[in-house]
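S.K.: As a plain string of letters, each chain reads:
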Amino acid sequence: MSQETMRVQKISAHAGTVPGEGTQREYTVSKLIDTTTCIGCKACEVACMEWNDLPFGETFFDNTYQTMPETRWNYWNLILFNEHEKEDGSLMWLMRKNQCMHCADPGCLAACPSDGAIIQYTNGIVDFQQEKCIGCGYCITGCPFNIPKFNPETKRVYKCTLCADRVGEGLEPACIKACPTGCLHFGSKEDMKELAEKRTTQLREHYNFPNAGVYDPAGVGGTGVMYILHDATQPELYGGLPKDPHIPLAVRLWKGPIKWLGNLAMVGGIIGLFIHYLRFGPKDKEDEQIREEIAAAQEKEVKAREENRAAVRAEVNQEGGEPSKGGHPR
Amino acid sequence: MSEPELLLPHNRILRYAFHERLTHWVSGFSFLYLMLTGLAFWSPWLFWIAYVCGGPQVSRVLHPWVGLIFVVALAYLYIMWHAHMHTTETDKEWWRNVNHYTKNEDELMPPAGRYNAGQKLLFWGFVICGILLVLSGVVLWLPEYIPWNLRILRYLAVIVHPGAAMLSIGLFLIHIYMSVFAERGALNSMIGGDVSRDFVRRYHPGWYKEVMGDSTQALPPK
Ligand code: HEM
Ligand code: SF4
Ligand code: SF4
Chain B
1 MSQETMRVQK
11 ISAHAGTVPG
21 EGTQREYTVS
31 KLIDTTTCIG
41 CKACEVACME
51 WNDLPFGETF
61 FDNTYQTMPE
71 TRWNYWNLIL
81 FNEHEKEDGS
91 LMWLMRKNQC
101 MHCADPGCLA
111 ACPSDGAIIQ
121 YTNGIVDFQQ
131 EKCIGCGYCI
141 TGCPFNIPKF
151 NPETKRVYKC
161 TLCADRVGEG
171 LEPACIKACP
181 TGCLHFGSKE
191 DMKELAEKRT
201 TQLREHYNFP
211 NAGVYDPAGV
221 GGTGVMYILH
231 DATQPELYGG
241 LPKDPHIPLA
251 VRLWKGPIKW
261 LGNLAMVGGI
271 IGLFIHYLRF
281 GPKDKEDEQI
291 REEIAAAQEK
301 EVKAREENRA
311 AVRAEVNQEG
321 GEPSKGGHPR
Chain X
1 MSEPELLLPH
11 NRILRYAFHE
21 RLTHWVSGFS
31 FLYLMLTGLA
41 FWSPWLFWIA
51 YVCGGPQVSR
61 VLHPWVGLIF
71 VVALAYLYIM
81 WHAHMHTTET
91 DKEWWRNVNH
101 YTKNEDELMP
111 PAGRYNAGQK
121 LLFWGFVICG
131 ILLVLSGVVL
141 WLPEYIPWNL
151 RILRYLAVIV
161 HPGAAMLSIG
171 LFLIHIYMSV
181 FAERGALNSM
191 IGGDVSRDFV
201 RRYHPGWYKE
211 VMGDSTQALP
221 PK
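If you read the sequences in order, they're chains B and X. 1 is the number of the first residue of the first sequence in the working numbering; add one for each residue after it. 1 is the number of the first residue of the second sequence in the working numbering; add one for each residue after it.
These aren't lab readings, by the way, just hints derived from the structure by calculation. Fair warning: this is a prediction, and the values are worked out from it, not measured in the lab. Glycine included, each C-beta is placed from N, C-alpha and C at the ideal position. A portion of the hints provided could be inaccurate.
[To be verified] Simulated coverage check for chain X against chain B, where a stretch passes if three residues somewhere in it have a Cβ under 8 Å from a Cβ of chain B:
#, region
1, 47 to 58
2, 124 to 132
3, 143 to 150
4, 160 to 172
[What the hints assert, rightly or not] Selected chain B positions facing chain X (Cβ under 8 Å, derived; list incomplete):
#, residue
5, 136
6, 137
7, 140
8, 265
9, 267
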């Protein structure tokens, strides 16, 4: 699925530099999702299934609008419906279109052990290359947003591509195109930030949402999918959007200090053992005492054999006949 | 074990019976495969190893299954050998003198039994690493079954599994070095099963006494 039209800037598990890095300038792209104007119609979900030709999966019914609890390997774009009780006791819908956030600093890519299975284009899109995926699921562990999903049949992992194929051709993602209320926007990150600023100011000043703000978390370097929230101080209300997402500490330790300590220990260990052999050699080399003992024992045995032979010869000489059969020592 | 079985013709002593050798090599070769495929996923610079071990996808599929084989073999080794592996006073003395051991001054070492203290450490190291590896390995194996609110398990696994792997690879390197390069005769104890009396007397004087009983005539002349 690699996009010939777009340059790559990060490659998972790649030994060495990224070919072609920095040879072209490109806008960083971003979606902007205005949760305040989302009506939960799921048109974006359908558009995603259609454009990406995803096979249908079973939905479930729990007396809400929620069709399934979280995204799936064949369901990359899911509206999360949250009923929120305001301070004055009135109810309000908090609906959030959930999908891959296309982190500038993607945990999935940092965790992936397979060369080129996850790449990030210069425009910021994070894309999985399933033909190189080994199905280890490390990306699942690396992602702070619970996005990559494993398909047990193909043993590969899938997620939203931000319609890299469309964007590469200058089109907007399918979900953006389908949205009937215009709550989904797409463009350069700069433009989207400006638009978001305008909208949140409006929400704060004219719509009585004093905490309205933009969700573009710095912990993952900012995201290629930004949200406008009624209350940016409580992103958790929107179906568990993490307040300050990071690549998990365990993953950073694992891919950082632990890796280098381990490499150093292994290389150091091999060199150390080699030098030890050069200096000391095998254990029995200088064991003179035992060598002497063995030599002495052999000498003694030889002597005993000679004495025995001499005795036999003497016997033969005495009797003047053949030596007896059992006379030879064993 | 009774003495007569252990004393072989031509001054040889039986150190490992067939079932011990077989189990050892099952665990050894499965460890080798696990180490190689594991290292392929450990570092981008070693990813090429995965192509040698059957291809990246195949390596990923086989690694956990071979891991199970490894753990079963290790468990059987534990059953066969753990009785010999308890720490004794001699072992403490052995560790105090370990610098002589590293300088090949074996005559200055306290008399080791069937296993010296270093070999016992190797054994327990592998047993503990094996337990850690299989527990964390199962979590890594099936990440899609670990629900989001138990993700702490996955975070633990990605630390514990490579950590225990590094420890056991360290033990593995020392083990290979000692048995193939440093102690001549040790490798054959795991292939043919037998060692020379000389070997036993030198490296395992305590066990030598046990095996030979009082029959001093078997000793090389003093
Ligand atoms: C005991 C049963 C074991 C199980 C079930 C198991 C399972 C796994 C799984 C599922 C992975 C993820 C990637 C992959 O499949 O290759 C993994 C990675 C790994 N395994 Fe194992 N494994 C086991 C034993 C071992 C042993 C004995 C070693 C010995 C060196 C080892 C070394 C590694 C290493 C180095 C990695 C890569 C870690 C990283 O990416 O940083 N494993 N193991
Ligand atoms: S949201 Fe998850 S899958 Fe998407 S780029 Fe960020 S870390 Fe990767
Ligand atoms: S499952 Fe595939 S994409 Fe995810 S980390 Fe493993 S190799 Fe990379």
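S.K.: Are the hints correct? Go through all of them and say.
M.R.: Hints versus structure:
Coverage of the region 47 to 58 of chain X by chain B holds [criterion: at least 3 residues with CB-CB distance below 8 Å; count 4]. Remark: the region 124 to 132 of chain X is not confirmed as covered by chain B, as 0 of its residues place a Cβ nearer than 8 Å to a Cβ of that chain, below the required three. Residues of the region 143 to 150 of chain X with a Cβ under 8 Å from some Cβ of chain B number 3, which satisfies the need for three, so the listed coverage holds. Counting residues of the region 160 to 172 of chain X whose CB falls under 8 Å from any CB of chain B gives 5; the rule of at least 3 is met.
Because the beta carbon of residue 136 of chain B sits about 5 Å from the nearest beta carbon in chain X, less than 8 Å, this interface hint is met. Given the 8 Å rule on beta carbons, the hint for residue 137 of chain B holds: about 3 Å separates it from the nearest Cβ of chain X. For residue 140 of chain B, the suggested interface contact is upheld, since its CB lies about 5 Å from the closest CB of chain X, less than 8 Å. At about 6 Å, the closest approach between the beta carbon of residue 265 of chain B and any beta carbon in chain X falls short of 8 Å, and the interface hint on this residue holds.
Proximity of residue 267 of chain B to chain X is violated relative to the hint, the smallest CB-CB distance being about 11 Å (cut-off 8 Å).
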